[in-house]
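Peer 1: Sequence:
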Amino acid sequence: MEEEGRQIVVVMVGAPGSGKSTFCEAVASSGNRPWIRICQDTINNGKAGTKAQCIASALAALKEGKSIFIDRCNLEREQRKEFVKIGVPGVDVHAVVLDLPAQLCISRSVKRMGHEGNLHGGKAAAVVNRMLQKKELPKLGEGFSRITYCCKEPEVKDALATYRDLGPTCNLPQGCFGQKKEDAKVQLGIMKFLKKVDAQDGSSHKPEIKESCSEKNAFPTTSAYHEEKTTEGDVMVRSADSDTPILAFPSISTADFQFNIDKASDIIVEIVGEFVNKLGTAKLCLVDLTSGSKILSLVAAKASKKNIDSSKFFTFVGDIVHLYSRGGLRCNVIANAANWRLKPGGGGVNAAIFSAAGPDLLVATHERAKSLLPGNALVVPLQSTSPLSSREGVTHVIHVLGPNMNPQRPNCLNGDYNEGCRILRQAYTALFEGFLSILSTTKPSTRDGEMFHRTEHGIGEDIGNGEQRNKRDGEFAAASSKKSRGHQVDAEYGGTNSKPRDNSETRQKVNTKGRGSWAQALHQTAMHPERHPDVVMEVLDNVVVIKDLYPKAEKHILVLARLGGLDSLADVHEEHLELLREMHSTGMKWAEKSLLEDSSLVFRLGYHSVPSMRQLHLHVISQDFNSPHLKNKKHWNSFNTAFFQDSVDVIEEVAKNGKTVASCINWTAPQRKLKMPPVFLLRFRRTAISGRNSLTPLQQLYASNILLNYHLDEAEGVFMFSSRSFNGFDQLLHDEHLPDDQDADSFHFPSRL
DNA sequence: GTTCTAGAAC
DNA sequence: GTTCTAGAAC
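For the first sequence, position 295 (counting from the first letter as 1) is numbered 1637 according to my numbering, and the numbering increases by one without interruption.
Derived by calculation from the structure, the hints in this document are not laboratory data. Please read all numbers here as calculations on a predicted model, not as lab measurements. Warning: the hint list may mix true and false statements.
Claimed, not checked - As a list, the in silico DMTMM-like pairs of lysine to aspartate or glutamate whose alpha-carbon atoms are at most 25 Å apart:
1) K1685 to E1920
2) K1405 to E1367
3) K1931 to D1876
4) K1975 to E1994
5) K1605 to E1616
6) K1620 to D1608
7) K1481 to E1497
8) K1644 to E1612
9) K1494 to E1478
10) K1408 to D1507
11) K1636 to D1434
12) K1931 to E1872
13) K1935 to E1872
14) K1625 to D1661
15) K1654 to D1608
16) K1405 to E1424
17) K1636 to D1758
18) K1975 to E1939
19) K1522 to E1418
20) K2001 to E1916
21) K1499 to E1939
22) K1636 to E1612
23) K1408 to D1500
24) K1605 to D1383
25) K1427 to D1383
26) K1973 to D1890
27) K1522 to D1434
28) K1654 to E1612
29) K1389 to E1418
30) K1494 to E1367
31) K1935 to D1876
32) K1625 to E1709
33) K2015 to E1995
34) K1935 to E1495
35) K1712 to D1598
36) K1499 to D1598
37) K1998 to E1920
38) K1494 to E1995
39) K1389 to E1420
40) K1931 to D1702
Work the whole structure out from these sequences, hints included.
Peer 2: See the structure below:
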């Protein structure tokens, strides 16, 4: 035991709303030690002050023998640096990290209107979002003697108790406590959107680059598709990843079924050789998870020797269920090394694909077949709501069953490689034929496989969901648009105040506002959720939760109001307040559910000012915007300008004014926002910038009218800008175009917006 | 909401 | 030649 307890400086780390102040106050009020809470938001006579004031105040308190809480966000290492320096011999510097999933939910933090930091509504959402994207969790190496990570509520309680109970003569053990989570992601989705997948910051998910054998054989084995061709990589990805149908397939039977790898590689190359000229613009890609994969190098070598066109067939190191999201390779079709029962499980590719595709794949598979014989393949279209579809762009899974050489598994061939090879050939043939059949059904007008462009969406919607879609279209067409035309004239739907729950067939048909049947889809789902089991996630009395059919981010769901006559915010009045609150809390519940799976997500809940589809719906959307469906300026702006109205703001507004602004302003005003230059936020690596001349390229961009407006955020390393055109900013993503923050103060462009 | 197309703009 | 936009169709 030491002679007496040392003073402590506790640097709190957490986003606004994470509970830092509550934590500090609870400990300080215990009185077990003389604590003082230093809060930058209030240090200046109750108003926000500076970091310097905090430090001065901390030093003074230390002299008085007090222990200190530094109550500010401190999310970045740079921001913490000076507080760590306060530590002198006899003073410990600790960090307490409040990293709770629920706190990452922006709408919760902005709900607290009385917060000292004066964060407000949608602006707060942007600030919190920005902060979290820059989050760097503290490490002992920064100079902390103790770090406590709290990812869950009980952990916060424990940490609180630890500090509260700490008497003046006690010390806490040094080291890291609690579980540390990954640092926040950069805006990967934006990078991908701008086709700069490699701009991500060293993601641990990214597979290693496999080069050894491919270089030798001049045959491409890649892990990130854009790296295949270096000089004109951008162009390659652009045309290849969205327009070219690619079948990604694992090596069949060589893993679990223990088929001889040398023989298997011969067969792969042989059958690929037979099909490679029938592919048109499509491509085949052999995928394996491990970079040291023997099968990949064997196949690559043999394919090269056989002069198989390497632009038509290549190998790829990566996870077959994350080819696009982690490797930048978009494959619209993937093959599954299935089991004969066509069921999930068994580990390996089969388990991974069923798990990644979601339960619908099993249903869709078993609708078509209950089992599969060795040497056969089964094409199964994926629902566009499947994560494999929305995240990876996969439209079809082809199940294949190869021969079994593993005595541990049923129906083993007992080393009969004559039969084994025959079945394996048959399996690959069936697989590639299945792929060709998908290609040929994509565009019924073309049979020769020459022009299968636009498959990214074409297959998914036109073929993949053919049945569903026809069913649904028919339904909508019959239920609303066709009949409604007859009724429209005399219906006189005036969009007046609330109407009773509208379940009558006639009313629904009337309320079309002249839009096509597609615009009725949400309304139909809200009124008859039981007819749409493929998208409906939850049905309550007043709201229905559904998946967004074209998610614009990793997580994107809609909470629909079930009340009739409520098409958009324009129809919302005071009597709908309770409904708005229920929609909000339901959305929050689902956001929190997602946060349990991936706590690095950040959510916003809000409404579009002028929605395209009828029926009031709340978007619950994660802020990564990582989705193949986010394609243009309108998509971006609809979630990143004032066109998107935060749910909390809407509720507040309706409570105050009895209606929303949207209900009284000219509807073109919000729509104009969709056409605004998109505003982006970028992190950049400070080390990549050199010298004062680094601004010149920016000035050039400005002069050439590409750059409209930009500024550096108060925190270092963040750059906000807007562009005249959506794609013009590719150029900016190169580090050398971004300014060093030291130069930024003296550098201001006039705003043109 | 999405896709496709033509024509304008670069 | 490519990119962007608006409009039509669904």
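Peer 1: Hint by hint, note whether the structure agrees.
Peer 2: Comparing the hints with the structure gives:
1. K1685 to E1920: violated (45 Å)
2. K1405 to E1367: holds (21 Å)
3. K1931 to D1876: holds (21 Å)
4. K1975 to E1994: violated (29 Å)
5. K1605 to E1616: holds (17 Å)
6. K1620 to D1608: Cα-Cα ~20 Å, so holds.
7. K1481 to E1497: holds (18 Å)
8. K1644 to E1612: holds (9 Å)
9. K1494 to E1478: Holds: K1494 and E1478 sit about 18 Å apart, inside 25 Å.
10. K1408 to D1507: holds (16 Å)
11. K1636 to D1434: Given pair K1636, D1434 is violated - Cα atoms ~53 Å apart, limit 25 Å.
12. K1931 to E1872: Distance of about 22 Å is within 25 Å: holds.
13. K1935 to E1872: holds (23 Å)
14. K1625 to D1661: Holds, at about 18 Å.
15. K1654 to D1608: holds (18 Å)
16. K1405 to E1424: The given pair, whose Cα atoms are some 17 Å apart, holds under the 25 Å limit.
17. K1636 to D1758: Between K1636 and D1758 the Cα gap is close to 23 Å, so the pair holds against 25 Å.
18. K1975 to E1939: violated (30 Å)
19. K1522 to E1418: holds (15 Å)
20. K2001 to E1916: holds (6 Å)
21. K1499 to E1939: Distance of about 22 Å is within 25 Å: holds.
22. K1636 to E1612: holds (18 Å)
23. K1408 to D1500: holds (22 Å)
24. K1605 to D1383: violated (69 Å)
25. K1427 to D1383: holds (21 Å)
26. K1973 to D1890: holds (15 Å)
27. K1522 to D1434: holds (21 Å)
28. K1654 to E1612: Measuring from Cα to Cα gives roughly 14 Å; hence the hint holds.
29. K1389 to E1418: holds (23 Å)
30. K1494 to E1367: This hinted pair holds, its Cα atoms lying about 19 Å apart.
31. K1935 to D1876: holds (20 Å)
32. K1625 to E1709: violated (28 Å)
33. K2015 to E1995: holds (20 Å)
34. K1935 to E1495: Roughly 15 Å separates the two Cα atoms, so the pair holds.
35. K1712 to D1598: holds (21 Å)
36. K1499 to D1598: violated (47 Å)
37. K1998 to E1920: This hinted pair holds, its Cα atoms lying about 14 Å apart.
38. K1494 to E1995: violated (33 Å)
39. K1389 to E1420: holds (23 Å)
40. K1931 to D1702: Holds - the C-alpha atoms of D1702 and K1931 are around 23 Å apart, at most 25 Å.
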